[in-house]
Amino acid sequence: MSCILYYRINRLTSLRRRKILFGVLSVIIAVAVIIIYYNFNPADSGWVFQCPSKLVAGYDCPACGAQRALHAGLHGDISAAWHFNPFLFIGLPYLLLVLWGSFAFLPGQRTACRIAHNRVLAYGYIASFFIWWVVRNL
Amino acid sequence: MAASKPSSYMWLAICSTLLCCLPFGIVSIVYASKVDSNWAMGNYEEALANSEKAKNWGLASAITGFVICLVFFIIGLTA
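Chains A and B, in that order, give the protein sequences.
Each residue of the first sequence is one higher than the last, beginning at 1 in this note's numbering.
Each residue of the second sequence is one higher than the last, beginning at 1 in this note's numbering.
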């Protein structure tokens, strides 16, 4: 009995630890991405990281231009960001909403979680993903 | 019945579609969007199954994307 109880408590704490680790890691990655893309301009700084789909197939994938858009957006040039990749203006807010709904300590987390998992919104995101993929390669 | 609602791994699905644009990520979103409504309707088994599927497709997408990007990164460095 005490063994089971110990197992339960251990499992709970490890789950909680994993959640905290997940939160800390995502903040670190977000900060690193912001610092990197603020300082490097992917368009001209010898940045070797190019989208494989563009290199192999010659077609733009839905996220192509996201690096340049991020750089422009971080420097406050919203219209340039829109020009490089308008899909980010759907994808990033949706990602933020999903992350908001993922952390129990945030206010309004339940509502955010419910909205993020709304079937219409999720399928709308998928539809816009494919429509944008086709439209940008026409 | 599980004690608490399983994670839908929606963040993994969205990240993988935004970063590497693989169809696996789309499959993951479809399963992830089912977890919450399954749970709310009391279909706990189904919610767990969909959570597992969302996790697996999301991981498949993330790992494939990471490997492809790594390969091209190395090719880019050596070329």
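Just so you know, the hints here were simulated from the structure itself, not pulled from any lab data.
As the structure is a prediction and not an experimental result, all values here were calculated from the model.
We put the beta carbon where it would ideally sit given N, CA and C, even for glycine.
Some hints could be false.
Covered by chain A, according to a simulated footprint, are these stretches of chain B (three or more residues, beta-carbon under 8 angstroms) [said to hold, decoys possible]:
{"hint": "1", "segment": "25 to 33"}
{"hint": "2", "segment": "41 to 49"}
Listed below are the simulated BS3-like cross-link pairs for lysine-lysine, each with C-alpha atoms no more than 27 angstroms apart in a straight line [stated by the list, open to error]:
{"hint": "3", "chain 1": "B", "residue 1": "Lys5", "chain 2": "A", "residue 2": "Lys54"}
{"hint": "4", "chain 1": "B", "residue 1": "Lys5", "chain 2": "B", "residue 2": "Lys55"}
{"hint": "5", "chain 1": "A", "residue 1": "Lys19", "chain 2": "B", "residue 2": "Lys5"}
{"hint": "6", "chain 1": "B", "residue 1": "Lys53", "chain 2": "A", "residue 2": "Lys19"}
{"hint": "7", "chain 1": "B", "residue 1": "Lys5", "chain 2": "B", "residue 2": "Lys53"}
Exercise for the section: Against the structure, test the hints numbered earlier, and report the numbers of the ones violated in rising order. Expected result: Numbers 2, 3, in rising order.
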